[in-house]
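Novice: Line by line, the protein sequences are chains A and B. The number in the working numbering is simply the position in the first sequence, starting from 1, with 1294 added. The number in the working numbering is simply the position in the second sequence, starting from 1, with 709 added.
These are computed hints drawn from the structure, not numbers from a lab. On a predicted model such as this, the values are computed, not experimentally measured, just so you know. Keep in mind that the hints are not guaranteed to be accurate.
[As the list claims (entries may be wrong)] Restricting the straight-line Cα-Cα distance to at most 16 Å, the calculated cross-link-like pairs of lysine to aspartate or glutamate (EDC-like) are: (1) A:K1428 <-> A:D1441; (2) A:K1527 <-> B:E883; (3) A:K1490 <-> B:D862; (4) B:K952 <-> B:D1030; (5) B:K1025 <-> A:D1581; (6) A:K1490 <-> B:E1024; (7) A:K1512 <-> B:E874; (8) B:K1025 <-> A:D1417; (9) A:K1428 <-> B:E1024; (10) A:K1636 <-> A:D1614.
[As the list claims (entries may be wrong)] To be clear about the criterion: a stretch of chain B counts as covered by chain A if any three or more of its residues have a C-beta under 8 Å from a C-beta of chain A, and this derived list gives those stretches: (11) 732-739; (12) 752-764; (13) 795-808; (14) 916-922.
Every residue, glycine too, gets a C-beta built ideally from N, C-alpha and C.
Residue-level listing of the chains:
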Amino acid sequence: MNGIDIKFLEDSFKKYYFNHFDLITSPQRTSEREFGYQKFNSGMFRHISLKDNKELHLLFIQNIPSDVYCSNAYYAFPNSPMSEKDWKEADLIFDIDAKDLNLPCRKNHTISICNECNEVSKDTGQCIKCNSTKLEKKSLPCKNCIDASKIEVNKLSNVLINDLGIDKENIHVYFSGNEGFHVYVYDSQFQQIGSKERSELVDYIMFRGAIPETFGMKKFKPNRSLFPDFNQKGWNGRFSKYVFGSKSKRSKIISELLDNGYPSFQKTLDDVSENIGVKIDPNVTMDIHRIFRLPGSINSKSGLTKILCTDLTKFDPYADACFLNDEPVEVLANCPIEFKLKNKKFGPYDNEKISLPTYAAVYMICKKLATIA
Amino acid sequence: MLVLGQDEKAKYPFLADAGEYLKDKGFSLVQFGSDPVLKLSVEKALHRIKVASAGGIYKSDIDKDGQASKDYVLEREVFSFLLAIVLIKLTGMSTLIKRFALAEARRAEIYLEKDLGNASNKSKIDLATRIIYDLFNIEITKENDFFVIPVSDYLKHSVTFHEREWKLINRHVENGKVFLTPDKTVRLIRKELGNYISSKIINAPKPSMIPGLENIVDELISISKKLTPTYTITTGEYPPCIKHAIDVLEKGENLPHSGRFMLATFLLSKGQTVPQIVPLFKNAPDYNPRVTLYQLNHLAGTSGSATKYSCPSCEKLKTQDLCFITKECDNIINPLQFGKKRT
């Protein structure tokens, strides 16, 4: 990114931070967390400890970071090197990202930017100009992406509350600032479990590693009375609803499953996993030393804010997470896809010089689809 | 502190303060080397170790009627356990400690399971749950025919199991709790029970040789030496997950961070050096020689925290979608074991 673009982004971010300290609040037990930040075109600064909101706001003003992060873990010495931090516990966090949902709409709004010649084209395997395969993909997620992500958030909440006994009040859903949601679970029985245990929880939530016996199918002498039923709790009940469809079909489908036999049942389980398992990013939940984007900070991949969703159904990230001002600015835009911000439509632009409100200019510059003219 | 009845001491001798028990009964260790009546207990102890070292579980006399009603039965049970520990300590063979602790844990498991499953006797259930709570800090409650434990406690113990049936997805989970049958409840703590018993043995002071027991100790040493570990032959071929990762990189496609971590840690463990590994990543879409070198040195432990990272387990790779299992994998639990044959 060139110096002029960086200067523009920094100025815009700075204004936001000055005007929205109300949205940036330090998390519970601030002094036990590790903070980190990035500046434009530079590496990561980590292992920072802060006392309170005041110190946090100072970090923003002094450094004008592109991104700010905070650990889900609590440490005795958050500013020591990793091996000496003395890990105590960590909130349970889930990442739901539209890019992991294999949605058919993605090819319509994914752009390839060539690392060699900077050519921008619609999603391809190689650059249409220089044939290089070193492409950077940028996505401008659509409403469908956000809606599909919301469905996964609701599926996740259901498993967390009903199966894992989490209080609804302790589940907080944040828009990530780009393509999905971060779901935080506070004060649960899982605070102190390690990475391996979290990985098991992930498999449970995603419905992975299930064996036929768990859902009533025995290898030898299978017996129809062992199959799950609709009113059962947990995955047994969800399995019944998905596989049998309705109570009247249950008996017939069990007969089919028995006829198809044990090896075929494993395929049924794979299908169940694909369709009703919750699509979370396993690596995020397993990592107990990760630093996560700080709520209230801007995501430099988009210029949108990571923000708490109090009413997920109504939440529209392109209106509710877009806080930058609308001062006009001239940009050279090369964006083959239309997008919508603050209920206004923008694009497509074919290498043209135009005047745009700051928030839209920031969005496109962050996606490397425009530069300051 | 648990107060144990007579038959509990016989069933769970590792809970009794054996030394004190001996003193209470008015005996000293030296007597076991010479007293012909006490020799019976020595023989029983020897038998107990032999059965354990052969991989079996010692069957005690209390099994005949389920209760050590007669004093001498109880006495011999506890004595033989205590003496077995003394004899093992005298041999100084760690193989024997491991085998004995495992066998004794499995023996205790049988009783715990029986006690938990004994629906008609609440005090037996209470004692078994108390033992599990006192020793391993797991709170178990009873709900109908099941024993119910918090999911987090379940995970802490089950993650070391490799059988798929122990995965949380294959358990009845409801409202933050896992529902288990008595046998599964007890199986869950087998390893900890074994560790508990072996730590008791390891921490026990080493006694001086008891005159009259030299031959028995020698016999045990020779048994232990026969239990030498197996050796392995390697085919040298890479496992399918590693082949797949190399394939992806060679095609210039993107391999996720977790895949790169797996590949690098695998090759480092196989003895390759950082400069040998770097070229593999040259085709990656985001290849940056400085970053690659930094990360590889970090994994190798030559920079940063000096922690040497090890190759992730097959279980972890499955979760990360990096496992491409074939039948050649042959139930290994880490890619590094691929192609090794035990003989």
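Novice: Each hint should be assessed against the structure and marked as holding or not.
Specialist: Hint-by-hint comparison with the structure:
A threshold of 16 Å between alpha carbons decides the hint, and for K1428 of chain A with D1441 of chain A the separation of about 31 Å lies outside it, so the pair is violated. For the hint pairing K1527 of chain A with E883 of chain B, the CA-to-CA distance comes to about 7 Å; that is within 16 Å, so the pair holds. For the given pair, K1490 of chain A sits about 13 Å from D862 of chain B by alpha-carbon distance, which is consistent with the 16 Å threshold. With a C-alpha separation of about 14 Å, the suggested pairing of K952 of chain B with D1030 of chain B holds against the 16 Å cut-off.
About 12 Å separates the Cα atoms of K1025 of chain B and D1581 of chain A, which keeps this hinted pair within 16 Å; it holds. The hinted pair formed by K1490 of chain A and E1024 of chain B meets the criterion: a straight-line CA distance of about 9 Å does not exceed 16 Å. At roughly 13 Å between alpha-carbon atoms, K1512 of chain A and E874 of chain B fall within 16 Å of each other, so this suggested pair holds. Taking the CA atoms of K1025 of chain B and D1417 of chain A, the gap is near 32 Å; set against the 16 Å cutoff, the hint is violated.
The hinted pair formed by K1428 of chain A and E1024 of chain B fails the criterion: a straight-line CA distance of about 32 Å is larger than 16 Å. A threshold of 16 Å between alpha carbons decides the hint, and for K1636 of chain A with D1614 of chain A the separation of about 8 Å falls inside it, so the pair holds. Chain A is given as covering the segment 732-739 of chain B, and this is violated because 0 residues of the stretch bring a CB closer than 8 Å to a CB of that chain, at least three being needed. Closer than 8 Å: that is the beta-carbon criterion, and the segment 752-764 of chain B has 0 residues meeting it against chain A, so the requirement of 3 is violated.
Only residues whose beta carbon comes within less than 8 Å of a beta carbon in chain A count, and the segment 795-808 of chain B has 0; fewer than three means the coverage is violated. Counting residues of the segment 916-922 of chain B whose beta-carbon sits less than 8 Å from any beta-carbon of chain A gives 0, not enough to reach three: the coverage restraint is violated.
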